[in-house]
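These protein sequence lines are chains A and B, in that order.
Residue numbering for the first sequence follows our numbering, beginning at 45 and increasing consecutively.
Residue numbering for the second sequence follows our numbering, beginning at 65 and increasing consecutively.
Short derived list, chain B residues pointing at chain A, Cβ under 8 Å:
id, residue
1, 112
2, 113
3, 114
4, 115
5, 133
6, 137
7, 147
8, 149
9, 160
10, 161
11, 165
None of these hints come from the bench; they were simulated from the model.
Backbone N, C-alpha and C define an ideal beta-carbon position, used for all residues, glycine too.
Given next are the chains, with one letter for each unit.
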Amino acid sequence: MIKIIKYILLDILRNKMVLGYAVFLFAITFTVFSLEDSTQKGLLSMLNLVLFIVPLVSVIFSTIYVYNSSEFIELLVSQPLKRSRIWLSIFVGLAGALSLAFFAGAGLPMLFYEPSATGLMLLLMGLLISVIFVAIAMLAAVHTRDKAKGIGFAILLWIYFSLLFDGLVLFLLFQFADYPLEKAMIGISALNPIDLGRILVLLKMDVSALMGYTGAVFKEFYGTDKGLIVSLSVMVLWIALPLLYSLKKFNRKDL
Amino acid sequence: MISANKVNKSFGKLKVLNEVSFTSNSGQCIALIGPNGCGKTTFIKCVLGMVVPDTGTITVMGKDVASGWQYRSEVGYMPQVGRYPENMQIGQVIEMLTDIRQSHKTIDDDLISAFALKALYHKRMRTLSGGTMQKVSAAIAFLFGASVLILDEPTAGLDPVASEILREKVLAEKARGKLILITSHILSELDELISDIVYMQDGSILLYKTLNALKEETGETKLSRAIAQIMTNKPS
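I would like the entire structure built from these sequences, with the hints used as guidance.
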């Protein structure tokens, strides 16, 4: 398995796109921190960047990569290799390359300017979100044979998680404004890894006071160690479930 | 070595394999022939585990294809259309496969030298012509000394010299007692190569006979004419 991962990593790194992504993140992170006087504000800008651009690049790059390596997959499947190992190797290769790019591009300058708990949390969220969206992309790619459809589906998932979901939550809140929804919001926020990441970072920033009563409830739950463990486990589930489902699909797929 | 038991496969509404049952042993060289779209390639892909049958079982050397994967180290496969990672060089592909296969047996690079592929090792796969691609596929299929060889239209696209080299190689491997499965539409080139014939139509095996039996039955000396007679007289 390590051999396959090696070949996949080599193949991804030969592709200049990941390198470009890392350089882009590096440039943006430096710019953001140099523009703002307080690093807290810089972190806030970085948060939005991490929550928008990282999942987008992660999901699109991974989907396209899986489609473009269909020849590679076909070649490997006819060799004495277990199918699930091939699929997991692709996942590890993609997740590794994209996490590495995020760490080198955004993580290192962030640690340089803001080596605080907030900075570390943001770094952790960026890495987790990179990996989560690789898993989601692999699910989208295994689902449809058609490349255009698959990429469209992946982008749709990204739009849902980063834009539509918040709209739906707002809609719910307004419709049921008469009921105490604060506790339920904790459960609902677990349905979206991007929101979960946002909440965890914002709570570290002490701006949760701005979020009103819901913010206080969030703080009470997510601010504790138990809440942190629960939310990190939920994010790990967000990696494991799409990955396992796509693995199951891939094992039965006709090539 | 390869046996299939009531294999069924449909792609959507299209039934590609219909209750295919088949057994074969080492030392046989079997020609799998039939009209386009009769399920030859699908059957081969089922044997390799690339297509998963809906029902039925296939075993290779006594091992179930659905549950195992180790059996593929004893299978050499030459696809109809070789599909390789586009930006890898020929040398890199061969090196990678050797690395993955970890074959403790000696590497059989007869075809690599016969096709003079070493001189092309630095060429990227996407720049190759159809014929060169076929040469690479053939070289890879024979590279690991596998005891089952599956060749899907091996000579399509090869020049006369190269197809003669490949033919000699198949004869040599047959003499070593390997099981060889060939699909082809060029019946004349199969004549001296094969020992048995499988004729497929619409996803089922219509006929499975030794070459001699077939020739005797039809009274023809040429395979192509014998098959033509079967096809025209076939009970409908």
